[in-house]
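Trainee: Residue numbers (the numbering used here), protein chains in the order written: chain A, 1 to 332; chain B, 1001 to 1266; chain C, 2001 to 2277.
Source of the hints: derived by calculation from the structure; they are not laboratory data. The beta-carbon is built from N, C-alpha and C at its ideal position, and this holds for glycine as well. One should not assume that every hint holds.
[Said to hold, decoys possible] From chain C, some residues computed to sit far from chain B (all C-beta separations above 10 Å): (1) D2012; (2) G2101; (3) Y2182; (4) A2255.
[Stated by the list, open to error] List time: in silico SDA-like cross-link candidates among lysine to any residue, alpha-carbon distance up to 25 Å: (5) K104/A with L148/A; (6) K1203/B with V1046/B; (7) K1097/B with Y214/A; (8) K1203/B with P2134/C; (9) K104/A with L170/A; (10) K174/A with T91/A; (11) K104/A with Q192/A; (12) K250/A with R224/A; (13) K128/A with P146/A; (14) K150/A with S188/A; (15) K240/A with A291/A; (16) K128/A with A1110/B; (17) K1203/B with I2042/C; (18) K128/A with A1117/B; (19) K128/A with V1014/B; (20) K174/A with G205/A; (21) K128/A with R1003/B; (22) K150/A with A1110/B; (23) K250/A with S282/A; (24) K150/A with P1121/B; (25) K5/A with G82/A; (26) K128/A with I1103/B; (27) K150/A with V1014/B; (28) K1097/B with E2184/C; (29) K104/A with S1019/B; (30) K174/A with I1103/B; (31) K1097/B with M1085/B; (32) K1097/B with P151/A; (33) K128/A with S1019/B.
[As the list claims (entries may be wrong)] If you want the footprint, here are the derived chain B segments under chain A, 3+ residues with CB under 8 Å: (34) 1001-1011; (35) 1086-1099; (36) 1102-1113.
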Amino acid sequence: MIRVKSLSKTYRVHRRPPGLGAALRSLVRRNYEDVHALREVSFAIAPGERVGFLGPNGAGKTTALKILSGLLYPTSGEVSVGGFVPQERQTDFLRMITLVMGQKQQLLWDLPPAETFAMNRALFDLPKREADVVENELVELLQIRPLLGKPCRQLSLGERMKCELAAALLHRPKVLFLDEPTIGLDVSMQAQMRDFIRRHNEATGATILLTSHYMADVAALCPRVIVIDKGHLIYDGELKSLARRIRPEKRITLHFSTVPAPGALDRLGNCVERSDTQAILSVRAAAVTDAVRAALEHLPIADISVEDPPLEEVMREFLAGDRPAKGGESAP
Amino acid sequence: MRRILRRYARLLAVQMRTSFTLAVQYRFDFFVEGLLAVIWLAITLVPLAVVFARRPSVAGWSYPEALVVVGLFSMLKAVLDGGVMPSLNHVVDGVRKGTLDFILLKPADAQFLVSTARFEPWRILDFLGSVGIVLFAFHRLHRWPGALDVCGGLFLFAVALMLLYSLWILVVSLSFRVVKVDNLSYLFVSIFDAGRWPIHVFKGALRVAFTVVFPLALMTTYPAQALLGTLTLAHALYAGAGGLLFTALARFIWQQSLRSYTSASS
Amino acid sequence: MKRGWLGEAGRDARRLLRAYPSLLRVGMADMLAYRAEFLVWILSMNLPLVMMALWTAVAADGPVGRFGQRDFVAYYLGMLIVRILSGSWLVWELTMEIRRGILATRLLRPIHPLWAFSATQLAAVPMRVVVLSPLVVVLYWVAGARLPVHDPARLAILAASLVGAWLLLFLVMALIGMLAAYVESALSVFDLWLAAQSILSGFLVPLELMPAWVARLARMLPFRYILGFPVETLIGLESNATALRDLGVQWLFIASALLATIVLWRRALRRFAAFGG
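The whole structure should be built from the sequences, with the hints applied where relevant.
Mentor: See the structure below:
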């Protein structure tokens, strides 16, 4: 469905250091810098897949999405989405995709969402009866019927994002580009959005490309992740394998009934967190059973649980450890 | 071909519906703006009145003849304030906030969408008032334009609209590259304002500039001359050709600007 | 008790004196960053030039009142210079900040927000002086004899009138901008001010050439003291004695505006804090 080969994107930006002297100097001579947003990125995505784009801020994830949707022109490389070249912005291509940006919205601000829906229907030339069916479905699934008549500026962020999603899906696109769709939303709304996206993908077989800072989004939605750091693609594969590769350890959370004897914990392994009532141990997957048995034997345990390490930590460690070799940089 | 026309007609209807809804919602604000527009029109007539109180004619134009130019200028200004400026401000805002991306993602011609984004329908009152000024001017002249003159006037007014629109497209294309220049529309209006005077008031390099670079002469003086029966056929054809050329140039520059557009960061 | 109060005011004054230079510096760096906008603004100030073209065409076959062609050129060049030097954008900044609730955060700082605003506006003056210098050269070339080059008294009056013009406009904008905390359409009020100003300040037409009652009315209103009066002083349209008297009137307007600003702003502070958040 999506095929990207050696994609690169470079911006020219004018950098000015602060201060009056620098400002005056910049009048005469401007310092331009090349920002390499993407460097020779290649990947392929099959129809119906759900893929997550991960990486620190400024890594190039949003740039990649914008190039895939035809908003930006690549500096070099080949991009093909559903057989189309995005930058040509052909009508059939535009009917096939949709882009949802968590920090911007296409909903008309002073008017109710219903007006935006009507506008999108006209823009995509949707026949009335079909469009009615699709709109009803989306409105029911997202539970936004009472919101349709209120001006967007009166809706909360979560309500607006749900309407935004509905507006973006009216034309039944086969490819969804979602750029931080859950940013700023509260926990329950994030869960609702994730739920909806997953069910949409399962029901319609649409291909989904998601960027997010929230690991929960990626963990819940994307079996496959592509990690981009400073424009380089540093990982492309299953999320589970990535986690296991970086942190082949499990987390054991111990809840104590009474305060344990000092030193009793140290025998069991690496203690990540400790307080009087609980402790969290980081233990290699293979050694988990032994560690649990030892804990139950030697410590006053009230409750015990075993989990995978939080994805945030995995990612942090992955991004901290992995630096593309630029020659001369010492590895930790 | 007919399908495309029908589709764009439907799109235009939808766009206008949005503007109408907003116009009803913000009718108080628009009323205040309309009132201010009338006040400003009256104010700009003051120098005209003062000038012609002291001289019977300036640069070959008498008071009623100059009024025709003022009237036509105000008609264009009503179109500018009602049809061009609202869209321009909307687009420049969109470029700044990055919401222009959504327009570019829609399967319709971006230039069309951007041009019809916003109207201010109350400005039709301004327009009618300006027609009133033109009628008043001819009343003062004690004669009325012949049929041929009226045709010429309408033709040149259409050319003026084409020129106005093309200039606006150029300004919007510029705002793609120079994102922070919000008061570009302010500059546009201030230059346009010179069009309320017959072009013959300006001499030398300025007159050339206002005929070729920013064709104010073609926009207000020529239609006035057509109505007054003083425009030669050659000049009318020249204006028509210029209008077409400008429109083609504007479309070309718009396409080029889209190519190099980078949306606001993040 | 009294000494304590002075001590407080003294501390505020010293804080202000320390902070002001850095406020100015930041303002100037800002102006340089926004030089494209500045250029666009300068280019938009072309109405005096259009009026110049109009009136020189009118005066082609003879002077209008006291004004020959050269006089009109001198007048409108002077008007352009004064307009650019005394201009502020405070009213737009103020209404925007009030609407967005940002002004409330300025109130948390230990100096009155108007000081910070004044620094931003003043920081624009150096750049304007640089851009205006060619215009001043042209003005000298056209009407050198009328300029107060050898008349120190008039030069002093001119300088005071320019400072006064800037200050008066700044205070008027502070007052009108403050209205944004009370009404939605504060900017429309300013539009009305501008409309009145364009006729009654001599901006569009020299006040001498207007009907006598308009000129008389204009002398009693503040508009003339923002634009017309400094221009008339610049190109010597009135005697030094009359100019001095007009200077007094200008600063009387400034004093009243200052008083109004202090009193009304204190009242409005509560409303500023109500927005945003």
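Trainee: So, for every hint listed, does it hold in this structure?
Mentor: Structure-based check of all given hints:
Every C-beta of chain B lies more than 10 Å from that of D2012/C, the closest at about 36 Å, which supports listing it as non-interface. A cut-off of 10 Å between C-beta atoms confirms that G2101/C is not in contact with chain B; the least separation is 19 Å. With a cut of 10 Å on Cβ distances, Y2182/C stays outside the contact zone with chain B, its closest approach being about 15 Å. At roughly 29 Å from the closest C-beta of chain B, the C-beta of A2255/C stays outside 10 Å, upholding its exclusion from the interface.
The straight-line distance between the Cα atoms of K104/A and L148/A is roughly 19 Å, inside the 25 Å bound, and the hint therefore holds. A distance of roughly 23 Å separates the Cα atoms of K1203/B and V1046/B; the hinted pair therefore holds under the 25 Å criterion. Between K1097/B and Y214/A the alpha-carbon distance is near 24 Å, which keeps this suggested pair within the 25 Å criterion. Among the hinted pairs, K1203/B with P2134/C is consistent with the structure: their alpha-carbon atoms are about 21 Å apart, no more than 25 Å.
About 18 Å separates the Cα atoms of K104/A and L170/A, which keeps this hinted pair within 25 Å; it holds. For the suggested pair K174/A and T91/A, the alpha carbons sit about 14 Å apart, so the restraint of at most 25 Å is met. With a CA separation close to 20 Å, the supplied pair K104/A and Q192/A stays within the 25 Å bound. About 21 Å separates the Cα atoms of K250/A and R224/A, which keeps this hinted pair within 25 Å; it holds.
For the given pair, K128/A sits about 22 Å from P146/A by alpha-carbon distance, which is consistent with the 25 Å threshold. With a CA separation close to 22 Å, the supplied pair K150/A and S188/A stays within the 25 Å bound. Among the hinted pairs, K240/A with A291/A is consistent with the structure: their alpha-carbon atoms are about 23 Å apart, no more than 25 Å. For a cut-off of 25 Å, the pair hint linking K128/A to A1110/B stands: about 24 Å separates their Cα positions.
Between K1203/B and I2042/C the alpha-carbon distance is near 22 Å, which keeps this suggested pair within the 25 Å criterion. Taking the CA atoms of K128/A and A1117/B, the gap is about 23 Å. The hint holds against a cut of 25 Å. With a CA separation close to 14 Å, the supplied pair K128/A and V1014/B stays within the 25 Å bound. Between the alpha carbons of K174/A and G205/A the distance comes to roughly 8 Å, so the proposed pair stays at or under 25 Å and holds.
With a C-alpha separation of about 16 Å, the suggested pair K128/A and R1003/B falls inside the 25 Å cut-off, and the hint holds. Straight-line distance between C-alpha atoms of K150/A and A1110/B comes to about 28 Å, which puts the hinted pair past the 25 Å bound. About 6 Å separates the Cα atoms of K250/A and S282/A, which keeps this hinted pair within 25 Å; it holds. Restraint check for K150/A and P1121/B: satisfied, since their Cα atoms lie roughly 23 Å apart, inside the 25 Å limit.
Using a Cα cut-off of 25 Å, the hinted pair K5/A and G82/A holds, with the two alpha carbons roughly 14 Å apart. A threshold of 25 Å between alpha carbons decides the hint, and for K128/A with I1103/B the separation of about 22 Å falls inside it, so the pair holds. For the hint linking K150/A to V1014/B, the alpha-carbon distance of about 19 Å falls within 25 Å, and the restraint holds. Annotation: proposed proximity of K1097/B to E2184/C holds, straight-line Cα distance about 23 Å (limit 25 Å).
Restraint check for K104/A and S1019/B: the C-alpha separation of about 21 Å stays at or below 25 Å, so the hint holds. Annotation: proposed proximity of K174/A to I1103/B holds, straight-line Cα distance about 19 Å (limit 25 Å). Restraint check for K1097/B and M1085/B: the C-alpha separation of about 18 Å stays at or below 25 Å, so the hint holds. The straight-line distance between the Cα atoms of K1097/B and P151/A is roughly 20 Å, inside the 25 Å bound, and the hint therefore holds.
The hinted pair formed by K128/A and S1019/B meets the criterion: a straight-line CA distance of about 22 Å does not exceed 25 Å. Counting residues of the region 1001-1011 of chain B whose beta carbon lies closer than 8 Å to any beta carbon of chain A gives 3, which reaches the threshold of three, so the coverage claim holds. By the rule of at least three residues with a Cβ nearer than 8 Å to a Cβ of chain A, the coverage given for the region 1086-1099 of chain B holds, with 3 such residues. Residue count for the region 1102-1113 of chain B with a Cβ under 8 Å from a Cβ of chain A: 7. That meets the three needed, and the coverage hint holds.
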